[in-house]
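Engineer: Next come the chains, spelled out residue by residue.
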Amino acid sequence: MSIWSYANPRKFLDTTAPWVPWLMWLSAAVLAVGLVWGFFFTPEAERFGSSVKIIYLHVPSALMAINAWLMMLVASLIWLIRRHHVSALAARAAAPVGMVMTLIALVTGAIWGQPMWGTWWAWDPRLTAFLILFLFYLGYIALWAAIPDPDSAADLTSVLCLVGSVFAILSRYAVNFWNQGLHQGASLSLDSQENVADVFWLPLLVCMAGFVLLFFALVLLRTGTEIRARRISALRARARRAEPVRA
Amino acid sequence: MMDLGKYAFEVISAWGISLAALAALVWWSLRRDRRVRAELERTERDHG
Amino acid sequence: MRALLARDLRLAVRAGGGFGLGLAFFLIVVVLVPFGVGPEAAILARIAPGILWVAALLAALLSLDRIFALDHEDGSLPLLATAPLPLEMLALAKAAAHWLTTGLPLVVAAPVLGVLLHLPGQAMPWLLVSLALGTPALSLIGTFGAALTVGLRRGGLLLSLIVLPLYVPVLIFGAEAARRGAEGVPAQTPLLLLAGIGLGCAALLPFATAAALRVTLR
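Chains as they are written, first to last, in the numbering used here: chain H, 1 to 247; chain R, 248 to 295; chain U, 296 to 513.
Keep in mind the hints are simulated off the structure, nothing from the lab. One should not assume that every hint holds.
Restraint ranges, calculated between C-beta atoms of paired labels, are given here [to be verified]:
{"#": "1", "chain 1": "H", "residue 1": "Phe177", "chain 2": "U", "residue 2": "Ala340", "range": "16 to 26 Å"}
{"#": "2", "chain 1": "U", "residue 1": "Gly446", "chain 2": "H", "residue 2": "Val212", "range": "34 to 44 Å"}
{"#": "3", "chain 1": "U", "residue 1": "Pro415", "chain 2": "H", "residue 2": "Trp201", "range": "50 to 60 Å"}
Example chain H residues on the side facing chain U (calculated, C-beta under 8 Å, incomplete) [unchecked claim]:
{"#": "4", "residue": "Ile132"}
{"#": "5", "residue": "Leu135"}
{"#": "6", "residue": "Phe136"}
{"#": "7", "residue": "Leu138"}
{"#": "8", "residue": "Gly139"}
{"#": "9", "residue": "Ala142"}
{"#": "10", "residue": "Leu143"}
{"#": "11", "residue": "Ala146"}
{"#": "12", "residue": "Ser152"}
{"#": "13", "residue": "Leu156"}
{"#": "14", "residue": "Val159"}
{"#": "15", "residue": "Trp178"}
Fair warning: this is a prediction, and the values are worked out from it, not measured in the lab. Positions of the beta carbon are idealized from the N, C-alpha and C atoms, including for glycine.
Build the full structure now, drawing on both the sequences and the hints.
Structural biologist: Shown next, in the form of structure tokens:
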């Protein structure tokens, strides 16, 4: 049996619905373990002091912010190529989750930046790229909300997601270029992942796993919601069409 | 409560905001799902 | 395609709508900036390239929703779509018409407004070249955004929300080229990248625009 059989909304719902609560609880448990471990049982880092604890939320949310967009891109491609409604609805369901992740990454980054760099916000390439990603999420969600016809909305947002992906990557490299042009080599990057010690790395890994699980749980839940909402409007439309005959 | 040193405010606020945002997202998704489920049941009863 | 281009140009000029309006907007934004930041020549000269670029971008944004809206309202869009001309070429022609009526006047007006902002003389050619290379990309991206939102009631606001993030790379490279020109630093690299984006948009975006139009017309 191929994976495409799950493209049937009925089958998708029947298969995923029992999983959603389990996934929710599992992600909550993994997150709780990772976060409690990170918050209470890790030492302070030399340069960062206790502010290093922000990493357990900052890095996983940033990771999911990008991965959510990637998932939307894949789902949009599947919709455009194979016309499976579940795929388009999954992309729609993932967008707000990705947006909240982007917001968390930005806010925690700003709060962390204040003591470390002495500023809430710097026009560092990484930060700027995330802000642009946030704007892309906003536009994508707004376009979904604005188009009344569901199939047209799925098509147009998919096209936007494709074009947006290209421009998001373009922006990522453009801001790199732009900032180097401004402050020569001023590196504010915190990307020292390679030499993060195991004491920080292991709880961080658990937190990342928790965020991934939470993302899957939320996307499955929200996709189910979207499928049901679509069914409601389909039933209503059928009823409206039937009424003149009855009357 | 453990001692967070001079970064206590930063750590607490970052964690507070993030966890609140996650909780809001989960709560909002669950609430919408419940409403849509109820709505679907009603619609299926009326029209189905 | 040439006939379509000529038709769009005639309509734009005759209706008095888009044409000139963008230019006036450009002028007003540039005039407002000194009121905001103070009349000091040194500060104005420093921010002039960026201001001119942002103002040009906003002016180009202003007339985007008219690209397809008029044709959609009077029903000529489905007719255009059934014409032997492929939709991709229609998208290209629409973008070209938008550039000729909005982008080109902006490029021509930019040096005059540069004088108002004390833009250094050596920056003028760089500003002109960067705008000349960048505004076609703005028109192409804008046409894509217009195709996505054609026929929507609150299309105008949504259009800005969708198009402005897409403008980021063009703005960065364009303003960077103009700024480097003002500082007397070699500005070829951002110009080449800007030209690359422009050509890439011209080659690929008409297909996305046409795809969006097909959905809207379905």
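Engineer: Confirm or reject the claim that proline 415 of chain U and tryptophan 201 of chain H have a C-beta distance inside 50 to 60 Å.
Structural biologist: holds, 51 Å
Engineer: Quick check on the hint: tryptophan 178 of chain H CB to chain U CB, less than 8 Å?
Structural biologist: holds, 4 Å
Engineer: Any CB of chain U closer than 8 Å to the CB of leucine 143 of chain H?
Structural biologist: Because about 6 Å separates leucine 143 of chain H from the closest Cβ in chain U, which is inside the 8 Å limit, the hint holds.
Engineer: Does the interface hint hold: is alanine 146 of chain H within less than 8 Å of chain U, judged Cβ to Cβ?
Structural biologist: holds, 5 Å
Engineer: Identify whether the interface hint at leucine 135 of chain H stands, where standing means a beta carbon of chain U within less than 8 Å of its own.
Structural biologist: holds, 4 Å
Engineer: Indicate whether the distance between the beta carbons of phenylalanine 177 of chain H and alanine 340 of chain U respects the range 16 to 26 Å.
Structural biologist: holds, 23 Å
Engineer: Report holds or violated for the interface hint on phenylalanine 136 of chain H, using the least CB-CB distance to chain U and a cut-off of 8 Å.
Structural biologist: holds, 5 Å
Engineer: At the C-beta level, are glycine 446 of chain U and valine 212 of chain H separated by a distance inside 34 to 44 Å?
Structural biologist: Check passed, 39 Å falls within 34 to 44 Å.
Engineer: Please verify that hint: leucine 156 of chain H, Cβ, nearest Cβ of chain U, below 8 Å or not.
Structural biologist: Holds: closest Cβ of chain U sits about 5 Å from leucine 156 of chain H, inside 8 Å.
Engineer: Is the hint on alanine 142 of chain H kept, meaning its closest Cβ partner in chain U is under 8 Å away?
Structural biologist: Given a least distance of 5 Å, the restraint on alanine 142 of chain H holds.
Engineer: Should the hint that glycine 139 of chain H touches chain U count as held when the rule is a Cβ pair under 8 Å?
Structural biologist: holds, 4 Å
Engineer: Minimum Cβ distance from leucine 138 of chain H to chain U below 8 Å?
Structural biologist: holds, 6 Å
Every hint from the earlier list agrees with this structure, and none is contradicted.
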